[in-house]
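Dock chain X against the given chain P, drawing on the hints supplied.
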Amino acid sequence: GESVGLHLPTLSVQEGDNSIINCAYSNSASDYFIWYKQESGKGPQFIIDIRSNMDKRQGQRVTVLLNKTVKHLSLQIAATQPGDSAVYFCAEIMRGSSNTGKLIFGQGTTLQVKP
Amino acid sequence: DTGVSQNPRHKITKRGQNVTFRCDPISEHNRLYWYRQTLGQGPEFLTYFQNEAQLEKSRLLSDRFSAERPKGSFSTLEIQRTEQGDSAMYLCASSFEGRIYEQYFGPGTRLTVT
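If you read the protein sequences in the order shown, they are chains P and X. Reading the first sequence from the start, the letters are residues 1 to 115 in our numbering. Reading the second sequence from the start, the letters are residues 1 to 114 in our numbering.
The set of hints was computed from the structure by calculation and includes no laboratory data. These numbers were taken from a predicted model, which means no experiment stands behind them. Be a bit skeptical, because a hint or two may be false.
[As the list claims (entries may be wrong)] Below, computed lysine to aspartate or glutamate pairings styled on DMTMM-like, alpha-carbon distance capped at 20 Å:
1) P:K56 / P:E39
2) P:K56 / X:E102
3) P:K114 / P:E39
4) P:K71 / P:E39
5) X:K14 / X:E78
6) P:K68 / P:D55
7) P:K68 / P:D31
8) X:K11 / X:E78
9) P:K42 / X:E83
10) X:K57 / X:E97
11) P:K42 / X:E97
12) P:K42 / X:E44
[To be verified] Beyond 10 Å from chain P on every Cβ pair, some chain X residues (computed):
13) V19
14) T20
15) R31
16) E68
17) R81
18) S87
19) S95
20) E102
21) Q103
[What the hints assert, rightly or not] Per the computed footprint, the stretches of chain X lying under chain P, defined by three or more beta-carbons under 8 Å from a beta-carbon of chain P, are:
22) 21-29
23) 33-46
Beta carbons are placed, not taken as given, at the ideal position from N, Cα and C, and that holds for glycine.
The shape of chain X in the complex, shown without the other chains:
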């Protein structure tokens, strides 16, 4: 296992379209996190999973956002009816349950909404 992977790396979409991103965590990790990062800022927490259960969602995660981790392995983040303000880097991270401060991040998916 070479680390956390995310696909696609870049996505350009028109306002109003739906997009879906995928994250494959490190296989032994049962915790999976989604963050959003805008230029010049630190990442902001969106949501996290323990195995397949989504246990917390940030208020940043509007009704247009949905995340799943159906079998406790990979996760998807879907944004419906994209807006220009959704343009950002979407980062996925994973960790062991006992070392939640040591999160391993993927390279991110850069979303541009035109």
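Bound conformation, chain P alone:
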């Protein structure tokens, strides 16, 4: 069925370290996987996306890895900063919903950055 979930509810890292946030999904029929960041009191903010025919995509200080064999998605944040503290959601757009843009979100991982 439709399911996008995250392994850990909270991740605590030291400022300057790298962070890895994981996401497991159960539905193979997805065209896009996307990471969003949500700070307290704000709406989600787009970070990076990856198409289902890709394994890796890099952005500014972030890298998304997609392992379709084990249905696993990860977000790596390099040199984590206090401003990275937020809830991170993985989301997917299923094949067939590629025209609608219907995002299916997981439950979220809270990233806490310790100074």
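Then chain X, alone, in the frame of chain P:
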């Protein structure tokens, strides 16, 4: 344009009352989406518009919910006869048609039904 705006930011209402929320998307975006988010959960899709046409509605959107985007610009979401289970954050997002995965969200309207 500073982004997606939503009004009001907070709404407290009594059960049975009607409420209406407004969303002003980024002006160049022709796609507009409504999501609902409860505490500790990710947003859930409710409906979306391309220009003024409402093209999909989630089964979460009961008959008490109605959304409009009359001129293809701002949108309203109305909930009639509110119930306590309607208490949630209602998020609006917009995007370009060609980049539907990159949705820009507003700050949301937090609804509390007492």
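Against the structure, the hints:
1. P:K56 / P:E39: This hinted pair is violated, its Cα atoms lying about 25 Å apart.
2. P:K56 / X:E102: 18 Å, holds
3. P:K114 / P:E39: Holds, at about 16 Å.
4. P:K71 / P:E39: 27 Å, violated
5. X:K14 / X:E78: 15 Å, holds
6. P:K68 / P:D55: It holds: about 8 Å lies between the C-alpha atoms, which stays within 20 Å.
7. P:K68 / P:D31: 12 Å, holds
8. X:K11 / X:E78: 12 Å, holds
9. P:K42 / X:E83: Violated, at about 25 Å.
10. X:K57 / X:E97: 18 Å, holds
11. P:K42 / X:E97: Status violated; Cα separation ~23 Å.
12. P:K42 / X:E44: 16 Å, holds
13. V19: 19 Å, holds
14. T20: Correct as stated: the minimum Cβ-Cβ distance to chain P is 19 Å, above 10 Å.
15. R31: Not fine: 6 Å to the nearest Cβ puts R31 of chain X too close to chain P.
16. E68: 18 Å, holds
17. R81: Correct as stated: the minimum Cβ-Cβ distance to chain P is 26 Å, above 10 Å.
18. S87: 17 Å, holds
19. S95: Given that some Cβ of chain P is not farther than 10 Å from that of S95 of chain X, nearest at about 6 Å, it is violated.
20. E102: Violated, because the least Cβ-Cβ distance between E102 of chain X and chain P comes to about 5 Å, which does not exceed 10 Å.
21. Q103: 7 Å, violated
22. 21-29: Coverage by chain P is violated here, the residue count being 0 at a Cβ distance below 8 Å.
23. 33-46: Contact hint for the region 33-46 of chain X vs chain P: holds, 8 residues under 8 Å.
Comparing the model with each earlier hint shows violations of hints 1, 4, 9, 11, 15, 19, 20, 21 and 22; every other hint is respected.
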